[in-house]
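Quick note, the sequences are listed as chains A and B, same order.
The numbering of the first sequence is full-length UniProt numbering, which starts it at 1 and goes up by one.
The numbering of the second sequence is full-length UniProt numbering, which starts it at 1 and goes up by one.
These are computed hints drawn from the structure, not numbers from a lab.
Each hint should be verified, as a subset may be incorrect.
SDA-like, lysine to any residue: derived pairs with alpha carbons at most 25 Å apart [as the list claims (entries may be wrong)]:
id	chain 1	residue 1	chain 2	residue 2
1	B	K88	A	L94
2	B	K106	A	R95
3	B	K234	B	R218
4	A	K436	B	E170
5	B	K60	B	R83
6	B	K269	A	F27
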Amino acid sequence: MVCPISGSFASIMAALPSTLVSPTRDFVENSKVLVVGAGGIGCELLKNLVLTNFKYIEVIDLDTIDVSNLNRQFLFQKQHVGKSKAQVAKESALRFNPDCNIIAYHDSITNPDYGVNFFKKFTLVLNALDNRAARNHVNRMCLAADVPLVESGTAGYLGQVTVIKKGLTECYECEPKPPQKTYPGCTIRNTPSEPIHCIVWAKYLFNQLFGEEDADQDVSPDTEDPELAGEAGERAVQQEAGENAIGGGIQRTSTRAWAVSTGYDAAKLFHKLFHDDVKYLLSMEKLWQKRRPPTPLDWNNLPEENGTAETDSNTRIQDQQLWSIRRCAAVFRDSIEQLKEQLAARGDGAELVWDKDDEASMDFVTCAANIRAHIFGIPTKTRFDIKSMAGNIIPAIATTNAVIAGLIVMEALKILSGNINKCKTVFLNRQPNPRKKLLVPCKLVPPNPKCYVCSAKPEVSVQLNINTVTVKTLEDKIIKGQFGMVAPDVEIDDGKGTILISSEEGETEANNSKHLSEFGIRSGSRLRADDFLQNYELVINVIHVDQLEEDKEFEVVGQMPEPGPQPDTPQPSTSTNGPTEPQPGTSKDVEEEDLMIIEDEEEDKAPSSKATTGVKRKTSDSSDQPVTKKVRTAAAEVAEEDDIIPL
Amino acid sequence: MADGGENGAISEAEAALYDRQIRLWGLDAQRRLRASSVLIAGLKGLGAEVAKNIVLSGVKAVTLLDHQQVTEEDFSSQFLVSRADLGKNRAEASQERTQNLNPNVKVTADTEDVKDKPNEFFTKFNVVCLTCCSQQTLRRVGHVCHDNGVKFYAGNVHGYCGYMFADLGEHDYVEEKPKIVKADKEKGEEDKEGPAGKKAKVDTTETVMVKKTASYCRWQESQTVDWTSDASSKAMKRTPQMYFIMKVLLRFREDHGRDPAVSSREEDKVALLRLRDDVLTEMKLKTDLVGDEFASQCFAALSPVCAVVGGVLAQEIVKAVSGKDAPLNNFFFFNGTDDSGMVDCIGKS
Ligand SMILES: [Zn+2]
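Next up, chain A with everything else stripped away, as it sits in the complex (with noise of 0.2 Å):
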């Protein structure tokens, strides 16, 4: 039954009744389009496109079904958990409209086998994805082959619709979206203050102990914590530490090799973490002059308060129950258990990556957290809480998924029919705004002169410090992190063209940890950065400052965002059970399950845009301010799943 390109049987098709006339029918039945994403609103997209008579579509998703999308990803089923999204979501909607010709890929968009040409294959790309850096790679693509693109999102009741193309619209990168939340390493080290702190501590343990060691993840005590300015010096402090203590910048031995030597013993373990290295902080005294100071625990001596009263427990799910810390160390024990045997069963050498799926990860980080948390006197959580923090987990329904993959194709149509100039940037609100709209469409505004992705010669100026930054940070979290590139090029204009980096794997190894001056690199030297996929040039002018604020590595000038939400903002979720709003976590907590672009898992995510990029905008009717602004606020950092928002 598949559908020849041409000829007769299209004739014959053309004769089942359709709200649509020609021209329009006819734009649409000659158009191809590749639908990025088969998740929440993916499945609900090719729905609407093969019911909507659109002949060829192509769909790219790199992953599998969950029972978690089973609530709303509707092309899928039970029978068809662990197998490709984009393949079985072909399947099914081939069922609604046999007559269709769909192509499935289960890749990532970002594989280099997907480049311009194959993008100019197309008539119109349409976004179903969950997390930012999908989207800024998408966007690229686009803007390079000239194809136009819609572009969208979802948080819980909460939704988003756009279009961009190249030269008419703003692209997806042209308002900077806010950074993603991160916490100062003493707050997570030595002071924490709240539940999201432990949390991230926990997640940064299990790196240490079971996955890729990072320095920048340490979980011990911090002796250059700010705050211990003027203490009467450090070697002070490391006489009161105690032989046990290994951590606080004392001795370099790694926490992983220490643990490595234990066998991973629970409590010794237990003891170092929440005994040992909680004294030696009880030692800096400065920093609980104000504070309340933690009480160390005991492992043989736990106490047993805390948790779920027994009435309770029957009517709550299990991960809805509070855990008393003498469970919380049952747990401990037992889940670092599994994880080294995890570990032991992929050899020597390997490393575990932190799943909040896999229940001895989640565990592992549910106990931890909540350990450290009571020592601190912070409230403890659910593991069912603490999975949507360290997971970041948007929430996500099929209702709000259905809307927005409706007003996709509206826009879709829209452009087909040659009145791109009709299609606006719509919102889903979660209640009517003062002049009544649920929905609310705004005007597309036009690219942004200064945006360093769309513009004619796109430049940026970011502020470093040239005699700590190592070309492997430029390349990991300025180049690809903040700029989006994904297999970078990159030069020094210092008419030589010296090569700092390139995407030939091997090629620049050697420059990883060397730091930016040793290359000659100055305030005011310029780096001309191309990612050849993206067919994406940029020149980044590097200013050297000695110390930016909290922490921070770089920061680029001039295009930087407002700060985070705002208060009032209308957030994705909140629920009877807690906090469900997706909490922030570091930005190595971002998974991107997908594909694609979105955020979700979760929906993930996060803010991506400065909160203030709705007021921004103009709308239709000028009163009009979308409510939704918070949307992209709350969507902008994560995402996991599908469905994500944060345009």
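Could you slot chain B with the ligand onto chain A? The hints should help.
Chain B with the ligand only, in chain A's frame:
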């Protein structure tokens, strides 16, 4: 709103399936959803969208009621039937795919005509949602539901536009508001030796529930507004045009016993414009209140329009049965030609 008796507790398997929505609306709301049964009358594109969304949400039971047969027109918006079902009863043809969406929900097909159903039939449900119905049926069932505490919804999609109506009677619900408590850091000092006290830090992520009530008018009251009164004529300027288009389309259905059809597009256009003049004149309104464009844009049902209206309508049903969050009162109108989606309260004096 019974709590489901012995079935009250959510199982771990359900918790895993509904995880993402429980994180949004909470376990209590999910429990109430699971205790409710919903009637969906009219299984064209809009009915299919509502059925999909409601079954996915995890209600107890859904009854699909439709006495008509699957037509070719359904293939552009009704994804619960297959091409092979042409000519079969639409409710029966939709049952299997609806059931496959969620095995936890009891899905039943009923092939009788909604207009032949006795009043008692409707009172067995917690929610009744009518699509594709005549004014007469909407009036009658609207009254039955209003008088018996059944949440009542009506909706239709015509081409590029669609709407929904809600009558929840006197509806009690809760809204969740953040509870901000100041952390008291100073207390820590006194607590030095004590157990990790809760005093030291207060969780600012807690929320409080605020109880509210909303009251709704009947369907009939929403249809018999006197637009000549001072108050109404003022409000009319801000009333979405779609309200009047809805009245014209309902009149077309009454007069022709069907909706505007693709196969008779040109004649139906003429009839629609004439009915527009009649309906507005009867309401003592100017006939230029509604432009001519609507008459060429209201044929069959566009799938994405069904998705938008069906998404909003289903979310309203979830709100109503879960008793959580402020429901829309009482109309939602969507016009796909300009992306407008308006909420207006019409008919309540
Ligand atoms: Zn731009």
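**Report entry** Contradicted hints - numbers only
**Finding:** Going through the list in order, the structure violates hint 5 alone and respects the others.
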